[in-house]
Amino acid sequence: MRWALVKVSLAVTAMVVVAFAVPLGLVIREMARDRAFAGAEREAAAVAPALSITTDRDQLERVVASAGSDAGMAVHIPSSGGQDRGTDLGRQRATDEDIAAVRAMGRASTTEVSGGSTLLQPVALSSGEIAVVEVYVPESEVTNGVGTAWAVLAAVGAALIVGSVAVADRLGVRMVQPAQRLVEGAHELGEGKLGARVPEEGPSELRLAAVAFNSMADQVVQLLANERELAADLSHRLRTPLTVLRLNAASLGDGPAADQTRAAVEQLEREVDTIIRTARDAKPQTAAAGPGAGCDAAEVVRERMGFWSALAEDEGRKWRVAGADRPVRIPVARADLAAALDALLGNVFRHTAEGTAFAVDLHNGEDAVIVLVSDAGPGIPDPEGAMARGRGSGNDGSTGLGLDIVRRLAESTGGDVRIGSSVLGGTEVRIWIQLDGRTAPARRGHRGAVRRRRHPRPGATSSRSR
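This note's numbering numbers the first residue of the sequence shown as 5 and each following residue consecutively.
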């Protein structure tokens, strides 16, 4: 908008300057020409009285010399005896034909000569003959002051153009800056910076837009605060049944099942506490993870597999962990990765029969970390549909929250989630955790590598949803 306004102002001002400066320059040139020939007419008029009295050459030379223009003036007196040429004083520049034509017409005339122009002024003599006074007007006198006047006009025109462009630029800045602040505020609010507000200044339309934006931002903050309080209240209501579960678990005595139940209750209490603290935190975490942030994915995988391995032994499931023997740093919070793994492993136990094997593989690449959770179950015939349910449609009795947790974790790093067939013959869920924030096209080679390791089992079908 700013540059468009400057271009329009430049075009309009240039047209106005051309429309006025060109005719004015032509008028100035004509005025200079008229001034020069008016001076020549005055010089010729100064000689005319002497010619009407006498035609003596010596007297006429004194008159021409007293006029101070003998170098540029000539007097042509016809011969009284009818000869072709009479008396000539000064240097003749006009042709004989031009002089004869002026003498015959009886009125003044101008003609172009080398280096300028001449004024031919007829004067009646006492004898009735017509003498012609020739006054030379050089080109420098005709154009005297024209160049300076044109330069002044050009300077004035350029100053007008520059001034109009400067004014238009200032007006454009006044219009564009509020719009830019509005755009920046919208981006900040979209990034989760709930304190973003826009100054209510500028043109009236943009002021109204800023007022509407600030009102919308206030409403968003209020809605999020209400949502946090609601989540905190709902989570807080779980404390009573959790207390009952903890007391009942304490009375179960000793044994693997009792220990596992007590550990699950303790973990559930910790998760509820975390939800309450997070929900009531009035400062949303919108900043990107800095250096040193995140967790050791290998440690989290070993910890969660240690938890689920007890249940796997009870159900007679074979399990395997690969790639978790050395540290693997990822830009993901420890609790988030643990929740994602629990969601996927919980799906394995919930949607496959007892005795079904499963595995967790951790692959550490240069720009990404891949977590593969696979099982030997019947598989998923419609992976895209399962991911759609992961976005919360809740079809086929599934809430889809597990896959939604996994998807949001991967997308928070610029990665993604894919569902396919595993080498065990069942389902494989691949979590791509990006390390450097590259976009999806840069990861096509890695995706191809993951696909080449899969060997789908023909005819594997299931209606289960995770």
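Hints in this document: simulated from the structure, not taken from any laboratory.
Here the structure is a predicted model, which is why all the values come from computation and not from measurement.
The beta carbon of each residue, even a glycine, is placed where N, CA and C say it ideally should be.
Treat the hints with caution; some may be incorrect.
As the list claims (entries may be wrong) - Pairwise CB distance ranges, derived in the manner of DEER restraints: (1) 303 <-> 277: 13 to 23 Å; (2) 260 <-> 188: 15 to 25 Å; (3) 220 <-> 412: 23 to 33 Å; (4) 29 <-> 197: 51 to 61 Å; (5) 306 <-> 203: 49 to 59 Å.
Hints, verified against the model:
no., hint, result
1, 303 <-> 277: 13 to 23 Å, "holds (22 Å)"
2, 260 <-> 188: 15 to 25 Å, "violated (58 Å)"
3, 220 <-> 412: 23 to 33 Å, "holds (24 Å)"
4, 29 <-> 197: 51 to 61 Å, "holds (59 Å)"
5, 306 <-> 203: 49 to 59 Å, "holds (52 Å)"
Of the numbered hints given earlier, the model fails hint 2 alone.
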